[in-house]
Amino acid sequence: MKIVLAARSPFNFQSTVHAHGWYQLAPWVWDEASHSLSRVEQLEDGRIVSLCFHGEGNKLVIETGERLSARQRDEVVHTASWMFALDADFEPFYARADAKPRLAHCRAGACGRLLRSPTLWEDVVKVMMTTNIQWSGTKRLVNALVQRFGEPSPDDPSCRTFPTPEAIARSREATLRKIGLGYRAPHLLKLARGVVAGEYDLDALKDPGLLTHVLRGRLLALPGIGPYAAHTLLFLLGRYDYIGVDTEAVRLVSKHFYDGRPVGEREINVVFDGWGEYKALAYWFWDYAGMGQ
DNA sequence: TTCCAGGGGTAGA
DNA sequence: TCTACCCATGGA
Numbered sequence: 003m004k005i006v007l008a009a010r011s012p013f014n015f016q017s018t019v020h021a022h023g024w025y026q027l028a029p030w031v032w033d034e035a036s037h038s039l040s041r042v043e044q045l046e047d048g049r050i051v052s053l054c055f056h057g058e059g060n061k062l063v064i065e066t067g068e069r070l071s072a073r074q075r076d077e078v079v080h081t082a083s084w085m086f087a088l089d090a091d092f093e094p095f096y097a098r099a100d101a102k103p104r105l106a107h108c109r110a111g112a113c114g115r116l117l118r119s120p121t122l123w124e125d126v127v128k129v130m131m132t133t134n135i136q137w138s139g140t141k142r143l144v145n146a147l148v149q150r151f152g153e154p155s156p157d158d159p160s161c162r163t164f165p166t167p168e169a170i171a172r173s174r175e176a177t178l179r180k181i182g183l184g185y186r187a188p189h190l191l192k193l194a195r196g197v198v199a200g201e202y203d204l205d206a207l208k209d210p211g212l213l214t215h216v217l218r219g220r221l222l223a224l225p226g227i228g229p230y231a232a233h234t235l236l237f238l239l240g241r242y243d244y245i246g247v248d249t250e251a252v253r254l255v256s257k258h259f260y261d262g263r264p265v266g267e268r269e270i271n272v273v274f275d276g277w278g279e280y281k282a283l284a285y286w287f288w289d290y291a292g293m294g295q
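Okay, so the first sequence: first residue is 3 according to the working numbering, each after it adds one.
For the record, the hints were derived by calculation from the structure and aren't laboratory data. Ideal Cβ positions, reconstructed from N, Cα and C, are used throughout, including at glycine. Accuracy of the hints is not assured; some may be wrong.
As the list claims (entries may be wrong) - Calculated lysine-lysine pairs in the DSBU-like style (CA-CA distance at most 30 Å, straight line):
#1 K4 x K208
#2 K208 x K61
#3 K141 x K257
#4 K257 x K208
#5 K208 x K141
#6 K4 x K61
#7 K192 x K208
#8 K61 x K141
#9 K257 x K102
#10 K180 x K192
#11 K192 x K141
#12 K141 x K180
Said to hold, decoys possible - The calculated label-pair distances, taken between Cβ atoms and stated as ranges, are:
#13 R268 x W84: 29 to 35 Å
#14 H37 x R172: 33 to 39 Å
#15 A97 x E46: 24 to 30 Å
Make a model of the complete structure from these sequences and hints.
Shown next as structure tokens:
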């Protein structure tokens, strides 16, 4: 079954997928030969389906192995629209970026969208798995969670869904430590059990009506989520007022704006302060590669 | 072997 | 609000 969705222009499937590393994390599978992205997903009625995405010009194309009911199709459309931020409008950012040489590539490249997970739960867990660890370790931990706690696809049992909060909540700290999470284990367990208990309502945080600083406070209240993780999640939620400062941000900004001198969060914010509500976009899509050295 | 990674929590000032 | 210290694990 094939579903074709129109996106707000400009849209570029590949630039959306490759804007950050999520496409390398399970259960996503990127196929370089066909330039398509796949994952196994469990629908609300319990059915497990395989979804394959690719781009056709300004459109997102979804292929499903089997036929879906009308309700299932609506759910897939809704989820895909969220994951690829099909309605996102970056025109105000482009209008400013056009005049800045290092950001003038953004409009033509349709920069701005970052691939999101179907649920904020999955994005929170994945961001948590990027803290104080190398990227190869993040991939290993996320894969371990999917293999250990995900539901297998009936078509191919080696492919699994991303674990639900319930599946993690039923686990034990020792089990999570054993699969390599280390000191992150109690944070993830507390998050999962809090979500199941209704203590943390992650879906409510998608509400565009929430003020950004209020949303930031709710994210910081989640276990294992500090400033870096909260700001990264704000970016995924379409709020660009804060930069997620990690070692990579420090390295880039130090090299390109401070002549290699040591910098902290304050110095990084100074550089992009003029971008206001587009600060994180300006930082993320700044063409550091074009600055030489 | 040592250092540190796409940091966060906590205690103490 | 800021700083010092600890935290598990694997890669470099």
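Results of checking the hints against the structure:
For the given pair, K4 sits about 28 Å from K208 by alpha-carbon distance, which is consistent with the 30 Å threshold. About 24 Å separates the Cα atoms of K208 and K61, which keeps this hinted pair within 30 Å; it holds. Under the criterion of a C-alpha separation no larger than 30 Å, the hint pairing K141 with K257 is consistent with the structure, at around 27 Å. A distance of roughly 35 Å separates the Cα atoms of K257 and K208; the hinted pair therefore is violated under the 30 Å criterion.
For the proposed pair K208 and K141, the alpha carbon gap of about 25 Å is at most 30 Å, so the pair holds. Only pairs whose Cα atoms come within 30 Å are accepted, and K4 paired with K61 is accepted, the gap being roughly 12 Å. Between K192 and K208 the CA atoms are separated by roughly 21 Å; this keeps the pair inside 30 Å, and the hint holds. Note on K61 and K141: the hinted pairing holds, with a Cα-Cα distance of about 29 Å set against a maximum of 30 Å.
For the hint pairing K257 with K102, the CA-to-CA distance comes to about 19 Å; that is within 30 Å, so the pair holds. With a C-alpha separation of about 17 Å, the suggested pair K180 and K192 falls inside the 30 Å cut-off, and the hint holds. Distance check on the hinted pair: K192 and K141 sit about 22 Å apart at the alpha-carbon level, within 30 Å; holds. The suggested pairing of K141 with K180 holds, with an alpha-carbon distance near 16 Å, which does not exceed 30 Å.
For the pair R268 and W84, the supplied restraint of 29 to 35 Å holds, since their beta-carbon distance comes to about 34 Å. Between H37 and R172 the C-beta distance comes to about 38 Å, which sits within the given range of 33 to 39 Å. Between A97 and E46 the beta carbon distance is about 39 Å. The supplied range of 24 to 30 Å is therefore violated.
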